[in-house]
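The numbering used here puts the first residue of the sequence shown at -13, with every later residue one more than the last.
Read the hints as simulated data drawn from the structure, not as lab findings. These numbers come from a predicted model, not from an experiment. Don't be surprised by glycine CBs; every beta carbon is placed ideally from N, CA and C. Keep in mind that the hints are not guaranteed to be accurate.
Quick list of the computed label-pair ranges, beta carbon to beta carbon [claimed, not checked]:
(1) 110 to 67: 14 to 20 Å
(2) 94 to 42: 16 to 22 Å
(3) 67 to 28: 16 to 22 Å
(4) 57 to 98: 27 to 33 Å
(5) 111 to 30: 17 to 23 Å
(6) 53 to 26: 25 to 31 Å
(7) 72 to 29: 28 to 34 Å
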Amino acid sequence: MRETASQRELAWGRRLTVREGGHTLEARNREVNEMMDVTRGAHGELVIRIGGTFDGKAASRLTGWLGEIPSGDELVVDFSQVRDCQDFGLAAVASDLAQRGARLQVRGLTRHQQRMLRYFGLDLPLPRELHGEEEALG
-13 MRETASQREL AWGRRLTVRE GGHTLEARNR EVNEMMDVTR GAHGELVIRI
37 GGTFDGKAAS RLTGWLGEIP SGDELVVDFS QVRDCQDFGL AAVASDLAQR
87 GARLQVRGLT RHQQRMLRYF GLDLPLPREL HGEEEALG
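Please model the entire structure based on the sequences and the hints provided.
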């Protein structure tokens, strides 16, 4: 049977790897306190959903995934299931996220977390209701 284009596009998702303790492991076979998975959205965009704690270790894992995703792909990073988001983790991934440019959407962040990413150089569009407040705060 011939492989379809969508199967080829998602083939890399089954091979996502992470480095831990000098070993390369498949992400889906690891037991971790945080959840991170990759799916296709309704419009064909790649969606990385993150849950649990987003710390330096999770940021390192996300950075590895970002390196394996083709830079031309539309990408959504969804933090809505993160219960503890550490500023250090955001600082660690900010430049990698910023390199995605307009093809990136970031969802599920608090105002503080959005502001932190902007301080670290990621140009996030502001929700309409926050423009005046954020401009006043700088």
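Hint-by-hint comparison with the structure:
The supplied range of 14 to 20 Å is met by residue 110 and residue 67, whose beta-carbon atoms lie about 19 Å from each other. Between residue 94 and residue 42 the Cβ separation comes to about 19 Å, which falls inside the hinted range of 16 to 22 Å. The given range of 16 to 22 Å is respected by residue 67 and residue 28, whose C-beta atoms sit roughly 18 Å from each other. Hint check: residue 57 to residue 98, Cβ distance near 28 Å, so the stated range 27 to 33 Å holds.
For the hinted restraint 17 to 23 Å between residue 111 and residue 30, the CB-CB distance of approximately 20 Å keeps it satisfied. Remark: the range hint 25 to 31 Å for residue 53 to residue 26 is contradicted by a beta-carbon distance near 19 Å. Checking the proposed 28 to 34 Å range against residue 72 and residue 29 shows it holds: the Cβ atoms sit about 31 Å from each other.
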